[in-house]
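So the protein lines, in turn, are chains L and U.
With this note's numbering, the residue at position 87 of the first sequence is 87, and numbering never jumps.
With this note's numbering, the residue at position 470 of the second sequence is 470, and numbering never jumps.
Among the clues, some could well be false.
Derived DEER-like restraints, expressed as beta-carbon distance ranges [said to hold, decoys possible]:
{"id": "1", "chain 1": "U", "residue 1": "325", "chain 2": "L", "residue 2": "94", "range": "25 to 35 Å"}
{"id": "2", "chain 1": "L", "residue 1": "113", "chain 2": "U", "residue 2": "85", "range": "36 to 46 Å"}
{"id": "3", "chain 1": "L", "residue 1": "76", "chain 2": "U", "residue 2": "354", "range": "49 to 59 Å"}
{"id": "4", "chain 1": "L", "residue 1": "133", "chain 2": "U", "residue 2": "79", "range": "51 to 61 Å"}
{"id": "5", "chain 1": "L", "residue 1": "329", "chain 2": "U", "residue 2": "261", "range": "30 to 40 Å"}
{"id": "6", "chain 1": "U", "residue 1": "259", "chain 2": "L", "residue 2": "90", "range": "41 to 51 Å"}
{"id": "7", "chain 1": "L", "residue 1": "133", "chain 2": "U", "residue 2": "261", "range": "33 to 43 Å"}
{"id": "8", "chain 1": "U", "residue 1": "79", "chain 2": "L", "residue 2": "280", "range": "51 to 61 Å"}
{"id": "9", "chain 1": "L", "residue 1": "325", "chain 2": "U", "residue 2": "85", "range": "34 to 44 Å"}
{"id": "10", "chain 1": "L", "residue 1": "66", "chain 2": "U", "residue 2": "556", "range": "30 to 40 Å"}
{"id": "11", "chain 1": "L", "residue 1": "278", "chain 2": "U", "residue 2": "535", "range": "30 to 40 Å"}
Within a straight-line C-alpha distance of at most 25 Å, the following computed DSS-like cross-link-like pairs (lysine-lysine) qualify [said to hold, decoys possible]:
{"id": "12", "chain 1": "U", "residue 1": "613", "chain 2": "U", "residue 2": "584"}
{"id": "13", "chain 1": "U", "residue 1": "613", "chain 2": "L", "residue 2": "45"}
{"id": "14", "chain 1": "L", "residue 1": "121", "chain 2": "U", "residue 2": "584"}
{"id": "15", "chain 1": "U", "residue 1": "225", "chain 2": "L", "residue 2": "130"}
{"id": "16", "chain 1": "U", "residue 1": "547", "chain 2": "L", "residue 2": "121"}
{"id": "17", "chain 1": "U", "residue 1": "225", "chain 2": "L", "residue 2": "117"}
{"id": "18", "chain 1": "U", "residue 1": "547", "chain 2": "U", "residue 2": "570"}
{"id": "19", "chain 1": "L", "residue 1": "336", "chain 2": "L", "residue 2": "113"}
{"id": "20", "chain 1": "L", "residue 1": "121", "chain 2": "U", "residue 2": "570"}
{"id": "21", "chain 1": "L", "residue 1": "323", "chain 2": "L", "residue 2": "220"}
{"id": "22", "chain 1": "L", "residue 1": "227", "chain 2": "L", "residue 2": "152"}
{"id": "23", "chain 1": "L", "residue 1": "130", "chain 2": "U", "residue 2": "383"}
{"id": "24", "chain 1": "L", "residue 1": "117", "chain 2": "L", "residue 2": "45"}
{"id": "25", "chain 1": "U", "residue 1": "613", "chain 2": "L", "residue 2": "117"}
{"id": "26", "chain 1": "L", "residue 1": "184", "chain 2": "L", "residue 2": "45"}
{"id": "27", "chain 1": "U", "residue 1": "613", "chain 2": "L", "residue 2": "113"}
{"id": "28", "chain 1": "L", "residue 1": "113", "chain 2": "U", "residue 2": "42"}
{"id": "29", "chain 1": "U", "residue 1": "584", "chain 2": "U", "residue 2": "547"}
{"id": "30", "chain 1": "L", "residue 1": "117", "chain 2": "U", "residue 2": "584"}
{"id": "31", "chain 1": "U", "residue 1": "617", "chain 2": "U", "residue 2": "570"}
{"id": "32", "chain 1": "U", "residue 1": "383", "chain 2": "L", "residue 2": "45"}
{"id": "33", "chain 1": "U", "residue 1": "383", "chain 2": "U", "residue 2": "42"}
{"id": "34", "chain 1": "L", "residue 1": "323", "chain 2": "L", "residue 2": "232"}
{"id": "35", "chain 1": "U", "residue 1": "547", "chain 2": "U", "residue 2": "42"}
{"id": "36", "chain 1": "U", "residue 1": "617", "chain 2": "U", "residue 2": "225"}
{"id": "37", "chain 1": "U", "residue 1": "584", "chain 2": "U", "residue 2": "570"}
{"id": "38", "chain 1": "L", "residue 1": "117", "chain 2": "L", "residue 2": "130"}
No lab work stands behind these hints: they were computed from the structure.
Even for Gly, the Cβ is constructed at its ideal location relative to N, Cα and C.
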Amino acid sequence: MFELLIGIGVVLVVAIILTILRILRLVNVARGVEKKSPDSSSANKVNALLFLLFLLISGAATTWYSVSRFDEYQLPIASEHGIITDRLFWITMIVTGVVFIITQILLFYFSYKYQFKTSRKALYYPDNSKLEVVWTVIPAIVLSILVFSGWKAWSDITNAAPDDAEVVEVMGYQFGWEFRYPGKDNELGNHDFRLIDPVNMWGMDFTDRSSFDDFSSGTKLVIPKGKPVLFKIRARDVLHSVFIPEFRLKQDAVPGMPTRFWFTPNKTTAEMREELGNPDFNYYIYCTEVCGRGHFSMRKMVEVVEADEYEQWYAEQQPFLQKNPDYLAKVPSNMKELAVVSAGMDSEVEEN
Amino acid sequence: MATANISNENIAHDVHGHDDDHHHGNFITTYIFSTDHKMIAKQYLLTGILWAFVGGLLSIIFRLQLGFPGMSLEFLRPLLGDWISSSGSLDPEFYLALVTMHGTIMVFFVLTAGLSGTFSNYLIPLQIGARDMASGFMNMLSYWLFFLASIIMFISLFLETGPAAGGWVVYPPLSALPQAIQGSQAGMTLWLVAMVFFIASQLLGGINYITTVINLRTSGMSFSKLPLTIWAFFLTAVIGLLSFPVLMAASLLLVFDRSFGTSFYLSEIYIGGEALPNVGGSPILYQHLFWFLGHPEVYIVLLPALGITSEVVATNSRKPIFGYRAMVGSMLGITILSFVVWAHHMFVSGLNPFLGSIFMFLTLIIAVPSAVKVFNYLTTLWKGNIVFTPAMLFSIGLVSVFISGGLTGIFLGNSAIDIQLHDTYFVVAHFHLVMGSASFFGLMAGVYHWFPKMYGRMMDRHLGYVHFWLTFVGIYLVFFPMHYIGIAGFPRRYYSFTTFDILDTFADLNMFISVAAILTFSAQAIFAYNFFYSMYRGRLAPANPWKSNTLEWTTSRYPGHGNWPGEIPKVYRWPYDYSKPGAKEDYIPQHIPFSATPESNLPHENEMIAEEKAAAKVDTTSNEAKA
Ligand code: HEM
Ligand SMILES: [Cu+2]
Ligand SMILES: [Cu+2]
């Protein structure tokens, strides 16, 4: 299949080249034009015409493709701020689109219209300060408007998260994501990279009482619809970047420097499946900062559920300590009792 | 300017002597360790073409993987050995190494050295009326350091662990930790060593260009009469001189972190089952330092291309470039602003959001001078009498891709929108059009335009046309569709499009892009053939084939050492007197005095005739004094 395509392509290219050369030569012969001066040759006309053709054909093809495939490339939006950034995107698209169309048309049309003619002399027109001021000021104004609207959206998005936001810690490593929830006390415990081991992937510090009820969500991230969610993002080894395209969310994960991003999901996974007519749809976290061999496959599923469903799910999760009672040994002895209670462990475990 | 003229003679001319051409230097001093700026320019050009071939080939290899994910690449095994896995597909890590090498080679070796190195060297002395560069020796050194750098980089392709694989930006910690990825072992070391040599070469070159432009202009060549090419090369050299040292510093600190246990960029890292001792550093620091060069670098490759096209567009429209002052002003604006927008590459890196706002503002401002340039090009074409030489076609093509790629920059500069688009194929589309293709077109325009002077022969016009059309259409077919994929959220530097369900949708378009890339790359063979064939067999070139105004066309067909056999021409007018009303011909070269063109002079130019006469008198007396 592939060899065939390439083969056809190469043959086509060669054929085109030969045809063009042949035509140019024939035209020259037919007209008896000596080819010493490019000015008078028919090649000049051919090139001018090709610019016009290029404009028309590429314009038509792009329009057709963009319109007919619009839905395919237009990502659904599943967060509150995504609506705003998408609006900005399309406003910018309209502004730049108009400029794009006008300038490209002028460029190719002028090329065609003012092709060389022996009878004509070019206009000596070195300067016009009024014109130049106009086209310095207009772009400046248009860009200021874009800057201003963009700045407003940016400030809103990067503002501190609301106090009632659900906090989740997102940690990137080669090559996966792990999540930690603060548990019932709503507070993530301290962490220290020196405490990391194959089981305690986060380096949770069990001398901090907030960590006793922290839990990990395992294979997927679960978040509620309609509530602000704050990601506290960090990386364990190299740079990674959290990217969930439907949420219009991207933020680098940097070792040694926690970052954050908050957003409000507004469509559950179920709703999205229905909207897209795709029962297999899932949100995923992608990694967009090159991080090594597995970069392209570093993903984790995200599930958005209704708020009450979330509450229920949250309550059912087992704290890390409960799942890994060995780590109780790392809790200072004066806090062990508290740890057992917070982690909801039965007393048998403690005695072992 | 009289003093400049004298020092000019002393430095280059007397050393080589008028009659250097007669007692031919031996092969080594003429072709290899030459100090003649024209030969050095050709060395840069040939090395650049070689690297363009290598860099392009690498992109074709990884495009095969992206376009045809299931296909067996077994046939590449003779070339790539174990990098083709037992299943017959490309190794994912080697994919990253290919992307990295492709980016590095294209940006630094092809478009910085190949474009700016070639034409700054070739044109600066010839267009300002100098015998050679201020220091021929330093000039030679700059080429050979570049050559050395490129050889070191090339060697890394053959390392067992592969070349550097962290992207051309080589962000730490990935690039600092050999255990993170194979490409951060010896390949990364070679990358850094090569970059240090390359930067040294750029600094030597840049100092030379700046010194030459300031000191060696011929009599009458004031800054306001400089061709826009020279303005562009001059400002490019200024940017390079101010920003490359910062990358040098960044690289050195990275070497320290890699080899000497420092923690400039490293902190709190657990990798390979081990917690590293580093604390207190920040990878973000590296990003600031890198992009302080990385962003101006875009203009280091772009400005020379814009300078070249200004010259080509004016000549072939037979019109003065519209708004000379605005063109210079916008280049100055770009030069200054290019230093204060670097952090727009870091909107989502963890940068303080307030800084993000500032950088968004500054970034969008830089669109204004770029827009001015485009409008000026358009107005120059308007009511022109356009001759489509291949150089002119590439220049028009440049304006087109510059518009397309420049406008998408407005999306990316807007930090709120960039959240979604950062590090997706939208970015790849954007920079390949605005920087990659535009500069590449500038390079091509330059080669077609100045080939007759460089080699004394003409390139075949018709092959040039075919080359242009295939490249122009091809470039759009390759890079335009990448916008769609990017908008749909496809991240860049991904080895495969098949791991995420929604990305499967784009398999067809991806294949299309790959096929278009292969064809576009193949079409460059036409250029290679034309170039090397014409070098030896092309029609002999007239001294001024395009009827152009600048000084290089006043030399002989194939200028020898010292550039002008006799005296250096004096300059009386700006370089854009095309189609002047009343003039006998549609062009009046810069060295023609106003007194010789009474029929076409503007009122203020008539007043200058008296000054010309006075100057001529002073000059003859001083010449007599010398004799
Ligand atoms: C045959 C023409 C070319 C093709 C098909 C091509 C294709 C590509 C592709 C697919 C990528 C990888 C994008 C990613 O995954 O991040 C890439 C990266 C890149 N290309 Fe090209 N490219 C071409 C020419 C050029 C030229 C002329 C330049 C000069 C500016 C260039 C500069 C770069 C750079 C700087 C990168 C980024 C490398 C990195 O991410 O580290 N390319 N190219
Ligand atoms: Cu990652
Ligand atoms: Cu990654």
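Verification of the hints:
1. U/325 x L/94: 25 to 35 Å: holds (33 Å)
2. L/113 x U/85: 36 to 46 Å: Between residue 113 of chain L and residue 85 of chain U, where Cβ atoms are some 56 Å apart, the hint is violated.
3. L/76 x U/354: 49 to 59 Å: violated (31 Å)
4. L/133 x U/79: 51 to 61 Å: Since residue 133 of chain L and residue 79 of chain U have Cβ atoms about 57 Å apart, the given range 51 to 61 Å holds.
5. L/329 x U/261: 30 to 40 Å: holds (33 Å)
6. U/259 x L/90: 41 to 51 Å: holds (50 Å)
7. L/133 x U/261: 33 to 43 Å: violated (58 Å)
8. U/79 x L/280: 51 to 61 Å: Given about 39 Å between the Cβ atoms, the range is violated.
9. L/325 x U/85: 34 to 44 Å: holds (42 Å)
10. L/66 x U/556: 30 to 40 Å: violated (54 Å)
11. L/278 x U/535: 30 to 40 Å: violated (58 Å)
12. U/613 x U/584: At roughly 22 Å apart (the allowed maximum being 25 Å), residue 584 of chain U and residue 613 of chain U satisfy the hint.
13. U/613 x L/45: violated (45 Å)
14. L/121 x U/584: holds (12 Å)
15. U/225 x L/130: Roughly 23 Å between the alpha carbons, so the hint for residue 225 of chain U and residue 130 of chain L holds.
16. U/547 x L/121: The hint holds at about 15 Å.
17. U/225 x L/117: violated (29 Å)
18. U/547 x U/570: Given pair residue 547 of chain U, residue 570 of chain U holds - Cα atoms ~19 Å apart, limit 25 Å.
19. L/336 x L/113: Distance ~86 Å between residue 336 of chain L and residue 113 of chain L Cα, so the pair is violated.
20. L/121 x U/570: Roughly 28 Å between the alpha carbons, so the hint for residue 121 of chain L and residue 570 of chain U is violated.
21. L/323 x L/220: holds (17 Å)
22. L/227 x L/152: OK: residue 227 of chain L and residue 152 of chain L at ~22 Å, within 25 Å.
23. L/130 x U/383: holds (19 Å)
24. L/117 x L/45: holds (10 Å)
25. U/613 x L/117: violated (38 Å)
26. L/184 x L/45: Given that 25 Å is the threshold and the Cα spacing comes to 77 Å, the pair is violated.
27. U/613 x L/113: Given that 25 Å is the threshold and the Cα spacing comes to 43 Å, the pair is violated.
28. L/113 x U/42: Judged against 25 Å, a Cα distance of about 37 Å means the pair is violated.
29. U/584 x U/547: holds (13 Å)
30. L/117 x U/584: holds (17 Å)
31. U/617 x U/570: Status holds; Cα separation ~14 Å.
32. U/383 x L/45: holds (16 Å)
33. U/383 x U/42: violated (36 Å)
34. L/323 x L/232: holds (23 Å)
35. U/547 x U/42: It holds: about 23 Å lies between the C-alpha atoms, which stays within 25 Å.
36. U/617 x U/225: Holds. Residue 617 of chain U to residue 225 of chain U sits at ~22 Å (cutoff 25 Å).
37. U/584 x U/570: holds (21 Å)
38. L/117 x L/130: violated (30 Å)
Violation of the numbered hints given earlier is confined to hints 2, 3, 7, 8, 10, 11, 13, 17, 19, 20, 25, 26, 27, 28, 33 and 38; the remaining hints are satisfied by the structure.
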